[in-house]
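Residue strings, one per chain:
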Amino acid sequence: MNKIIRGLIAMALIVGLGALFPSASGAATKPNGELTVSAAASLTDVFPVIADAFQKRFPGTKINFNFAGSSTVMNQVITGAPVDVIATASEPTMSIGVAAALVARPLLFAKNSMTIAVPSGNPAKIKSLADVQRGGLLLGVCDPAVPCGAAAVELFSKNNIAVTPVTRELDVRSLLGKVISGDLDVGIVYITDVRAAGSKVEFVEIPLKDNVGTTYPIAMVSDSKNQELAQRFVNFVRFNTTSQGILRAFGFAKPW
Amino acid sequence: MLVPGLVALIFLVVPLIALIAQTPWDAFPKIISSPEALEALRLSLLTSLAATSLAALFGIPMAWLLAREVLPFTGLLRALVIVPLLLPPVVSGVALLEALGRRGLVGRFLYDNFDITFPFTTLGVVIAATFVAMPFLIITLEGGFRSLHQRYEDAAATLGASSRRIFFRVTLPMVAPAAIAGLVLCWARALGEFGATITFAGNFPGVTQTMPLAVYTALESDRSVAIALSLVLLVVSVGVLVGLRGRYLQTRTS
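Chains A and B, in that order, give the protein sequences.
The first sequence maps to residues 3 to 258 in this note's numbering.
The second sequence maps to residues 352 to 605 in this note's numbering.
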């Protein structure tokens, strides 16, 4: 009996030590180098914070960002820009890259939904989604070619709302900027954008049952020069608890 | 000299060749005759010509004032007038919003008292194009006015011509080549305006979506449409250059 117990303890110690020093198993190497991440404009605020956490976790790495409308970042990958990781604000945009075998195995890592942004003081006195139909109102949306615009189209049709926007901005941040400046009375943007803008802008909530959302996929670009680090960043954004905590803090929901 | 010179030539020409090579010729007639494309082209021609007219109306007198050093601090004034030419266009757009937006420095007053707003209107597009393009006319024409000796104006004055008559009958005809060169540069800059327009005036088909904005918007959904529209702009630019070549070259040799 005594021998058996001693043997078991010894085995447990060996297994435990093995777990403590994973490099002893030979598989993992220390990640290093730089990554270029192209991401949807709505990730402008949250991604640098996640990158900070990543760089702290893996010293010697550096993440560079390039933010634009989702279609623009996908276009950059299609035309061969030196990008390692791409994150878009919609699955259809990502599927273009998947179909062309330009990106590998996208992971859904966040979910966003829409809200009605108004300048501080809400000068047009918007109270609900139905109010954005009012004549003479300066309503801004994103172009239907970018995810926030596609979501706005879906939102209007879901709620049987007929609108006459005055501008179709090509990314959500420029739309929000024109609401903040007071040049637009209303803009249909992501919840996370108004959160990020803080007190510079007000918003009118859209009830959950009327709202529409978009999910964010992230993937390694197949041509990446640093595939190991790229995949590690993709996994970090999706699975790491710190990363997911940061996403929650910025107002993104779980997509699963 | 030869090799770097040829590098410059290749560098400038290859992208244009690539654009032509990538043009979807089968779909081309359909794309450029679509209502959206025609609307964008119409809007581009309208706004660029309006901007050039405004630039001529105000820029030609300004160029003369600078050339004749009528105002104090001419050097400083010239620098101020040229700034929009050096500014990134998107910065010009932000500056215009801060000045003429609904809550802008001047825009607030116009909106509160006269209910006038510029963003999201065709007039806003014209203003953005004028802002970025007028300096081209002013500096080109100032050079023309400067190279014209003042004795012609003096002679006309001694013969009893009024200053207005001197300007329109003596000064302006003598600087016509520089004026035409300046107007063409100004117009081409206005036609190509993108950054200030999308920042200040927004992007909506038929109202503010000029050709460059249509190209950028099409790039988001259909690349071949963007390329076809780009080719139209290229053809328009080259067409104007060829059409005005004779006069344009005169200014180079005079």
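Wrong hints could be hidden among the right ones.
20 Å max Cα-Cα, derived DMTMM-like pairs, lysine to aspartate or glutamate [as the list claims (entries may be wrong)]: (1) K202/A / E449/B; (2) K127/A / E449/B; (3) K58/A / E230/A; (4) K160/A / E207/A.
Rough simulated footprint, nothing fancy, chain B against chain A, three-plus residues with beta-carbon under 8 Å [as the list claims (entries may be wrong)]: (5) 47-53; (6) 64-77; (7) 193-202.
Just so you know, the hints here were simulated from the structure itself, not pulled from any lab data.
C-beta atoms are modelled at their ideal positions from N, C-alpha and C, and glycine is treated no differently.
Here is how each hint holds up against the structure:
Of the supplied pair hints, the one linking K202/A and E449/B holds, its CA atoms being roughly 16 Å apart against a limit of 20 Å. Taken as a hint, the K127/A and E449/B pair is broken in the structure, with Cα atoms around 23 Å apart against an allowance of 20 Å. Between K58/A and E230/A the CA atoms are separated by roughly 17 Å; this keeps the pair inside 20 Å, and the hint holds. At roughly 16 Å between alpha-carbon atoms, K160/A and E207/A fall within 20 Å of each other, so this suggested pair holds.
Coverage of the segment 47-53 of chain A by chain B is violated in this model, with 0 residues showing a Cβ closer than 8 Å to a Cβ of that chain against a need of three. Interface restraint, the segment 64-77 of chain A with chain B: holds (4 residues with C-beta to C-beta distance below 8 Å; minimum three). Only residues whose beta carbon comes within less than 8 Å of a beta carbon in chain B count, and the segment 193-202 of chain A has 0; fewer than three means the coverage is violated.
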